[in-house]
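A.B. asks: If you want the building blocks of each chain, they are given just below.
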Amino acid sequence: MQSTIQNKEESMPGEKPVGLLRLLSSKVIADSIKRLSPVSLLSNPVMFIVEITFYIVAAEAIFPQAFGPLASSSQRVFYVEVAIILLLTVWFATLSDALAETQTRMTANSLRRIETDVPTRKIVTGETGERTVSTVKSSELRKGDVLSLQKNDLIPIDADVLEGIAMVDESLLTGESTPVRKAPGDQLIGGSKMISDTLVARVSVNPEETYISQMIKLVESAKRPKTPNEQAVTIVLIGLTAIFTIIIAGLVGLSVTLGLGGDLSVLIALYVCLLPTTIGALLPAIGLSGISRLYANKIIAKSGRAIETAGDTDTILLDKTGTITVGNRQAIEFIPFNGYSEKDVGEAAFLASWHDDTLEGRSVIRLSYERGFVPREINMLDLSQVYEFSATTRTSGVKLQSGTDFMLPKVSDSTSRGRVRFRRKFSDEPTAEENSIQEHMLIPHGVPSGEIEIIKGAPDSIRKIVTKVPDSFDKEIASIAQAGDTAIAIERNGDLLGVIRLKDILKPDIKQKIEDLKLMGIRPVMITGDHPLTAKSIANEVGIDEYVPQAKPEDKYGIVLREQGQSRIVAMIGDGTNDAPALAVADVGLAMNSGTQAAKEAANMVDMESNPAKVIDVVLLGKQLLMTRGAVTTFSIANDVAKYFAIVPVLFATALPVLVKLNILQLGLHSAVLSALIFNAIIIPFLIPLAMRGVSFKPSDTMTLFLRNTLIYGLGGVITPFVGIKLIDLLLSGVFHI
Amino acid sequence: MISGIEIFDIALLLVVLVITSWYVAEYIVRVFERRSSRLDKIFNPIENLIYKVSGVDTNHGMGWKEYAFAALLINIVQMALAAFIFMNQAILPLNPQHFSDLSWHLTFMQVISFATNTNLQHYAGEATLSYLSQMSAVQFLQFTSAGTGVCVAIAMVRGFKKGSKDLGNFYVDFVRSLTRVLIPLCFIAAVFMLAAGVPQTLSGYTTVTTVQGATQTVLAGPVASLVSIMQIGTNGGGYYGANSAYPLENPTALTDVAQIFLMLLLPTALCFVFGKMIGKEKESRPIFIGAYLLFAIDLAIAFIPNPINEGPGIETRFGGFMSTFWTVVTTAVTTGSVNSSLYGMHPFAIIAAFMGMFIQATPGGKGVGLMYMIMYVILTVFIVGLMSGRTPEYLGMKITGRDVKLVMVAFLVHPLIIIIPTLVAYASGAAAAIGVTGDANGFTQVLYEFTSAAANNGSDFLGTTANTPFWNVATGIVMFLGRYAPIIILLALAGAMIDRKRIEGTAAALKTESFTFSLVLVASIIVLVVLTFFPFLALGPILGFFQGHINFFGP
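So the sequence lines, in the order shown, correspond to chains A and D. Position 319 (the first sequence) corresponds to 319 in my numbering; numbering is contiguous. All you need for my numbering is the position in the second sequence, starting with 1, plus 738.
The set of hints was computed from the structure by calculation and includes no laboratory data. Fair warning: there could be bad hints in the mix.
Using 25 Å as the maximum straight-line C-alpha spacing, the simulated BS3-like pairs for lysine-lysine come out as follows [unchecked claim]: (1) Lys-518(A) <-> Lys-1143(D); (2) Lys-518(A) <-> Lys-899(D); (3) Lys-1239(D) <-> Lys-698(A); (4) Lys-226(A) <-> Lys-343(A); (5) Lys-1249(D) <-> Lys-518(A); (6) Lys-226(A) <-> Lys-1014(D); (7) Lys-899(D) <-> Lys-1249(D); (8) Lys-779(D) <-> Lys-1239(D); (9) Lys-1143(D) <-> Lys-226(A).
All of these numbers come straight from a predicted model, not from anything done at the bench.
Using the sequences and the hints given, assemble the complete structure.
C.D. replies: See the structure below:
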């Protein structure tokens, strides 16, 4: 699973959800029209009110005489025009809803194959032990059911492999194009596809518990619970609506009592223009498209709230491996000791690393090969005995022997080795089984002639098993650590040969990302199992001030609690079971899909691509979501300034013509009202792309972002409608002679 | 034409004001944090006696509900006492002029008016109230209403202060606000006013023969003390119907400037109290800068007309400039005292006056102005602050949906209690009944009446003509709601802040102390508060201006 992290290209938040124009289908339009029913508008108070005003103006058009002094039958055409624009305003709102929902659905589509019911073979074991296979619907599966999976089957649900080995295509879910090998103990993700062989697997979740089904709940905008911030914004919108209702009711009353001759449709136009219709229309779409952008990044959030919280992050815990460095070190130098040559070290390293198929091991082979240090003993490797890496001794190695002795019992078969390899990632304590392997590995000094035993490992471990340690050894090791590199000591039959120098390779854009985080006032904390000196060197190199060296996974829990104790919002990633407690308490917990079930359950987001660096992108996406919501709200409110100046001068044009002097835009009497209303409506579809794409921003400090957005959406929000309304007015009077 | 000298005068006044209020703020914080002081020797025995007699447990901390209830209770009890005096002043002592009792509706309106720090007066003091009424009922309520205002503001600030367990004890705050802040300040001010020629006597009105040989009654009384508390307490209810336009209440240019200074003193000091009390002096910046930027905008609007009005309604002793300046100040701090007639003001000066009363925080009435500004800050942080990419927080505290709900409700009160009664006044014929028309000037007068009442300002056009049951009851209700509804709601907001988790020292937070934020705050107040009333201003002073009016005499 380590390698899935390592081989992955970083995906940036630039990945786009499905484009807008592709979404605009007759189905979406039909859906948006269906949403015009007042009942479905109830969840959107501003638009609900606008729809009521539509009915009032429509009634005015049909029965003008019923409205007494507030309407005149000579103005019927005008009323019809106003009514149409009002209805359009509501429709633009429902359209943006429908678009956002469809987009989110489509973006999520590749992740939600599971929801389509597929026939599945379920194995039932009878009392006598015989197995019967029956075909059931995947939605009927329950946790604990055993499945039989064959080539080309769609894996219906998350499951654990019990028997068999097979290749599985997870590309739909993770974007990882190479098929993944699945063996007993591995987890299958619902929605992935069998490519070869057969498997027997046990269902690990109930259908409604899968991430994907949780996610689908978020897609349905009607059922999606509003996040706390969305609720608060809605309250502001309701409050503003109430204020403008009082204002307009007051004006209607005064118009009648003072005989100002105001027209109800014009007063309603002012009302609707002043209402925060833009944000009222786009608020649901903004929230949904935040989720959609997360999906496009192959991250599943369990709630919309988690995305918002991500934007508030104060401290971010970054695992060095996979986030800051590419996840594996590369051999760059052989340093000989005790009179051996570089070639001796290189050849021994070659032999000891032959069976080590990690990228780190391969980099040793590559270095030896490049230097021409290919040992003669290479043909003996087939008959070698391998010492797997052990977390206890922190060594690995190989024993080569001459041709006749190949009948020696092997220490471990591939299965037990696999299990050891599996466990050491999650536990420092060796199991009994591991210990028994260790015993075999303790090689007494004085190996029989004809046998070559090469052990490589942590310098501390190696010095315990070699006969002679030169004085310069410690100094050399320390200087390597100081430079941020890692030393692997290597010995042959008890003789210390030298040291392999491994270098951590930084991720290409990590420095920039760290700088962005710091600019935005977010404290990165690097967590690493490395030696303090190594940790310090890497932290310095990428510009991180705070790091925790020699950290065990369970230390993260303490760090999260410490940061939260200082009232900070903490974001972190994790994959192991040991990470689960920390993931559960962290404000933003991003679990790797390659991680354990416990980690995924504890986290509030899961990255299907298992790329730990994406935690930074999650923070940026959260910020973008909040910024977009704030920007559209501010823009919407700032728009009111121009609308007052457009409509108030003509509000009582018949009784108080002198007020037309306020008409700084020089708009025509009817055209002023229509232009303002049209602008008010048309701005909604104009802003749909912004709402769904999110405002673009360059990471910078909070006040710079604030100032920039305030200028664009605040000041811009004051100026734009002046220009827009005047343009529409010119169009109306020039082309339509209104 | 505004001369350089006049601008220099204003600047000098403001510099002296800011420096003085900085120290006054320091003193106020010491008083309400109950820090030991050399003055304890004088005040402690008096206060302890009061606590003992009234059974106040000085160590008892109150939650917002208890604090608000105590404040409301004390205010209503005081209203009842004052009402008793007003309605029985004929038989009560200290009535050398033999004034009769006040009507029930005038009493209802006046006790609310004085208790709510509004001091809207539908009577002429010198021809209606006895010395006892002036001193005990009016002055007493002027002190206690000012004290109440300071207390609730301090309580609100406590809610925002880190580590507060409660909002304090209202009774202790109230006593200390009187003994240690208002009474000493007013004493100093009254001595100054006496020295500058304002009378303070209980010997009745005297009749003198003027140099021309005519006889004139000199309406002297305990004026100096009333003037001091009326200005310091941002009350505004004068001894005389003509208020500070009356020569005995405001005899010289020196007393005129001094009264402007006194009006602005405590509201400005409270801006600084906020930062000092929460332990972050920088956080006073948006409140102070916001208030004074808006004040500057008010002034700019008031001085647009050129030349400034002189002539009818303008007090010739002070001239158009000082009269207009006074009008802007008195509405900016919602005092409501006048040194000239509003009828003589240019429509633009009246628009500026409206702005002060719509916003109520420039820097606003004592205490309440600070509360309003905190509310505006929270609303701005919430709406505009989102654009910084974080869920909104103020002083490190996340703003919740409930906070926003409270702010929006407080926000709603003002338009509600201005617009509905204005409409009712016309619809019911009450406006026509007292001869107010529905044209530009008439509408301005009605709108001004209720805006002044709602903002607890007290300046008005109508004056004694509005002494009818409708106007007295309507303005009484508006003043009551305009005062206590926001206080209770904002105390609830402060109560919710206690114990709230604080994220401090994070560089990612929006910096409310920055000048950028102050500018955004001012812009959002103008858009959200002032523009809301734009259609109504268009029917009043703006319409009047377009119709060619330069003052409010005539239709």
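A.B. asks: Hey, Lys-518(A) versus Lys-1143(D), does the alpha-carbon distance stay inside 25 Å?
C.D. replies: violated, 34 Å
A.B. asks: Keeping to a limit of 25 Å between CA atoms, is the pair of Lys-779(D) and Lys-1239(D) held or broken?
C.D. replies: The hint is violated at about 39 Å.
A.B. asks: Given the hinted pair Lys-1143(D) and Lys-226(A), is their alpha-carbon gap at most 25 Å?
C.D. replies: holds, 16 Å
A.B. asks: Decide if the proposed pair is consistent with the structure: Lys-1239(D) and Lys-698(A), CA atoms, cutoff 25 Å inclusive.
C.D. replies: violated, 30 Å
A.B. asks: Given the proposed pairing of Lys-226(A) with Lys-343(A), does the C-alpha separation stay at or below 25 Å?
C.D. replies: violated, 66 Å
A.B. asks: For a C-alpha distance cap of 25 Å, please report whether Lys-899(D) and Lys-1249(D) respect it.
C.D. replies: Roughly 17 Å separates the two Cα atoms, so the pair holds.
A.B. asks: Given the hint that Lys-1249(D) pairs with Lys-518(A), test it: the Cα-Cα distance must not exceed 25 Å.
C.D. replies: holds, 16 Å
A.B. asks: Would the pair Lys-518(A) and Lys-899(D) pass a check requiring their Cα atoms to be no farther apart than 25 Å?
C.D. replies: Violated. Lys-518(A) to Lys-899(D) sits at ~29 Å, over the 25 Å cutoff.
A.B. asks: Mind checking the alpha carbons of Lys-226(A) and Lys-1014(D) for me, to see if they're no more than 25 Å apart?
C.D. replies: Since the Cα atoms of Lys-226(A) and Lys-1014(D) sit roughly 38 Å apart, the hinted pair is violated (cutoff 25 Å).
Checked against the numbered hints given earlier, the structure breaks hints 1, 2, 3, 4, 6 and 8 and satisfies all the rest.
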